[in-house]
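> The lines below spell out each chain.
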Amino acid sequence: MTLKSLITTTSIAVCSLMGLHSIAFADSHGGANHMGRTIGVSCAGCHGTDGVSHSPHLRSISELSEEKIVTALKKFKSGERKGSIMNRIAKGYTDEQITAVAHYFATVNK
Amino acid sequence: MNKLNRRDFLRLAGGASVVSGLSLAGCASNPKTGSSSKKVVVIGGGFGGGTAAKYIKKFDPSVDVTLIEYQKTYTTCPGSNWVLGGLKDLKSITHTYDAMKNKHGVNVIHGWVSVIDAENQKVQLSSGESIGYDRLIVSPGIDFKFDTIEGYSEKDVGSVPHAWKAGPQTTLLRNQLVAMPDGGTFVIAPPPNPFRCPPGPYERVSMVAHYFKQHKPKSKILVLDAKPKFSKQKLFMKGWEDLYGYGTDNSMIEWVGAPDGKVTKVDVKTKTAYAGDLEEAVKADVLNIIPAQKAGSIAAATGLTNDSGWCPVDPKTWESTLIPNVHVIGDSAIQSPLPKSGYAANSEAKVCAAAIVDLLNGREPGEPSWVNTCYSLVGPKYGISVAMVYDLTKEGKIGKVKGSGGLTAMDASRRKEANYSENWLINISNDIFG
Ligand SMILES: Cc1cc2nc3c(=O)[nH]c(=O)nc-3n(C[C@H](O)[C@H](O)[C@H](O)COP(=O)(O)OP(=O)(O)OC[C@H]3O[C@@H](n4cnc5c(N)ncnc54)[C@H](O)[C@@H]3O)c2cc1C
Numbered sequence: 073m074t075l076k077s078l079i080t081t082t083s084i085a086v087c088s089l090m091g092l093h094s095i096a097f098a099d100s101h102g103g104a105n106h107m108g109r110t111i112g113v114s115c116a117g118c119h120g121t122d123g124v125s126h127s128p129h130l131r132s133i134s135e136l137s138e139e140k141i142v143t144a145l146k147k148f149k150s151g152e153r154k155g156s157i158m159n160r161i162a163k164g165y166t167d168e169q170i171t172a173v174a175h176y177f178a179t180v181n182k
Numbered sequence: 107m108n109k110l111n112r113r114d115f116l117r118l119a120g121g122a123s124v125v126s127g128l129s130l131a132g133c134a135s136n137p138k139t140g141s142s143s144k145k146v147v148v149i150g151g152g153f154g155g156g157t158a159a160k161y162i163k164k165f166d167p168s169v170d171v172t173l174i175e176y177q178k179t180y181t182t183c184p185g186s187n188w189v190l191g192g193l194k195d196l197k198s199i200t201h202t203y204d205a206m207k208n209k210h211g212v213n214v215i216h217g218w219v220s221v222i223d224a225e226n227q228k229v230q231l232s233s234g235e236s237i238g239y240d241r242l243i244v245s246p247g248i249d250f251k252f253d254t255i256e257g258y259s260e261k262d263v264g265s266v267p268h269a270w271k272a273g274p275q276t277t278l279l280r281n282q283l284v285a286m287p288d289g290g291t292f293v294i295a296p297p298p299n300p301f302r303c304p305p306g307p308y309e310r311v312s313m314v315a316h317y318f319k320q321h322k323p324k325s326k327i328l329v330l331d332a333k334p335k336f337s338k339q340k341l342f343m344k345g346w347e348d349l350y351g352y353g354t355d356n357s358m359i360e361w362v363g364a365p366d367g368k369v370t371k372v373d374v375k376t377k378t379a380y381a382g383d384l385e386e387a388v389k390a391d392v393l394n395i396i397p398a399q400k401a402g403s404i405a406a407a408t409g410l411t412n413d414s415g416w417c418p419v420d421p422k423t424w425e426s427t428l429i430p431n432v433h434v435i436g437d438s439a440i441q442s443p444l445p446k447s448g449y450a451a452n453s454e455a456k457v458c459a460a461a462i463v464d465l466l467n468g469r470e471p472g473e474p475s476w477v478n479t480c481y482s483l484v485g486p487k488y489g490i491s492v493a494m495v496y497d498l499t500k501e502g503k504i505g506k507v508k509g510s511g512g513l514t515a516m517d518a519s520r521r522k523e524a525n526y527s528e529n530w531l532i533n534i535s536n537d538i539f540g
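Chains A and B supply the protein sequences, listed in that same order. Here our numbering is used: the first residue of the first sequence is 73, the next is one more, and so on. Here our numbering is used: the first residue of the second sequence is 107, the next is one more, and so on.
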């Protein structure tokens with residue numbers, strides 16, 4: 073684990089305890105959730121810009137709550153939830169990254 | 107014509123990046139461009155360049171972004187095989203730069219970049235116009251090595267299309283397939299590695315088979331491959347079995363891998379391909395040669411390529427390891443283990459855009475992350491895919507995240523994956539051009 077992700081992780085833990093979600097992701101990038109954004113924008117290929125889908129085949133993840141996204145990704149990751157694509161993708165992320173990306177989609181453009 | 111022993115051939119078939127020092131430029135005025143603004147020029151408005159231009163504006167609207175693209179509209183290669191199969195028309199996969207200009211505030215110039223003057227940090231268009239940059243992004247896609255197949259050169263693409271850049275070439279190949287009589291033979295010659303879209307030739311085979319099955323059921327498809335194996339091979343072959351009688355005496359498709367399948371010579375007039383060491387002649391009714399590939403010509407002309415013909419980069423920022431302040435993304439970059447795909451180009455562009463915004467604002471770029479999923483349609487309701495998540499290794503290279511990704515499971519729903527394929531093309535096209 074890099075120093076940066078260690079710091080972010082620690083700050084998530086501390087701030088969650090304090091209930092201060094809005095600053096939980098503060099880092100050197102002026103308060104931006106860098107990890108969440110980096111991963112979040114890469115989801116747009118299938119899920120649409122900012123998680124807004126323009127396709128009839130897929131629901132917008134921007135409509136889902138932060139908790140729902142975390143739960144879904146963790147279930148895909150563990151294999152508890154069957155999938156075709158997301159089961160393969162979710163295994164590529166740590167729990168910290170999953171928390172960060174869910175937070176990104178819950179807050180982007182809102 | 108000599109007959110190739112195709113069954114034997116089938117049996118035969120088996121199967122550095124240097125981290126450059128980061129110069130934290132800050133937003134100090136650039137002595138070369140003489141401006142105190144943050145000026146980025148992007149060459150190429152496709153999957154890589156189009157995404158990068160839009161996302162730089164998204165990440166930092168104060169950056170002045172100019173996109174230089176030769177074509178007035180962009181037709182996606184993804185989906186172009188579906189046009190060949192009769193599933194879509196070309197218009198539905200063709201996009202304008204209107205949103206880029208009007209919605210996202212990118213300056214769009216339609217012109218050809220003939221020179222990159224890296225020393226003085228400016229690019230020159232064939233019109234003579236010259237534009238300065240603080241950071242340059244180069245995403246020119248691919249060009250062809252026309253000297254690798256005897257008898258096939260650039261002037262022949264009007265009768266023997268490659269259709270590996272979508273647009274008029276796609277229409278030409280489609281028209282030839284439509285004009286072909288039932289009972290004819292379509293011969294396709296996929297290129298050697300590395301090339302744009304590893305599963306693309308085999309999706310094309312599938313889509314042409316779908317079209318033949320509907321309209322010309324007595325026709326045949328012969329694949330003369332420069333490689334001994336190919337991407338998603340098992341999934342494709344299973345799909346061909348499920349849909350097109352592959353492996354039976356009645357198979358519509360026959361695949362011949364290297365060395366015997368490797369096309370060395372073409373007679374364009376008679377549409378004859380010569381394959382393997384023995385140069386066995388195969389006469390086609392419609393011939394599709396996909397030549398070996400290299401980085402887009404402007405990259406080599408600028409000295410951004412190494413001996414491989416592709417551009418070495420530092421994947422954390424996608425800055426060239428050969429020329430500072432110039433970033434190369436998409437097919438032209440040495441991006442392995444990321445494939446030369448539209449999805450990868452889109453993912454790389456976002457990492458590059460974020461890094462450039464950080465560098466222009468005097469920040470150290472953050473940890474990157476990439477994802478790729480390459481979908482292919484074997485039939486209209488039959489999709490397959492390969493997916494992977496990538497991160498930066500300790501050595502500063504792109505690595506596959508262990509345990510992630512892989513191929514469509516053999517028992518997974520092909521119908522669902524066909525829906526996801528279509529979904530992907532809609533959403534990624536919108537992510538770039540919407
Ligand atoms: C048949 C086929 C099917 C495919 N299917 C898929 C798929 O399903 N999924 C997937 O992920 N990928 C797919 N791909 C691959 C995908 O198209 C490419 O990987 C992607 O386009 C690469 O993006 P790029 O930015 O590098 O190049 P491009 O998208 O080709 O963009 C390059 C642009 O630069 C412009 N340009 C070049 N030089 C200059 C210059 N000197 N001055 C001005 N403009 C210039 C060109 O006009 C072009 O518009 C497919 C490819 C093919 C051929």
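Check before you lean on any hint, since a few could be wrong.
[Stated by the list, open to error] Straight-line Cα separation of at most 35 Å, DSBU-like style, residue types lysine-lysine; simulated pairs:
#1 Lys-500(B) x Lys-147(A)
#2 Lys-209(B) x Lys-182(A)
#3 Lys-147(A) x Lys-326(B)
Hints are computed from structural coordinates only; laboratory data are not their basis.
> All the hints need checking, so say for each whether the structure fits it.
A quick look at each hint next to the structure:
Among the hinted pairs, Lys-500(B) with Lys-147(A) is consistent with the structure: their alpha-carbon atoms are about 29 Å apart, no more than 35 Å. A hinted pair counts as satisfied when its Cα atoms are at most 35 Å apart, and Lys-209(B) with Lys-182(A) qualifies at roughly 19 Å. Restraint check for Lys-147(A) and Lys-326(B): the C-alpha separation of about 45 Å exceeds 35 Å, so the hint is violated.
Consistency with the previously given hints fails for number 3 only.
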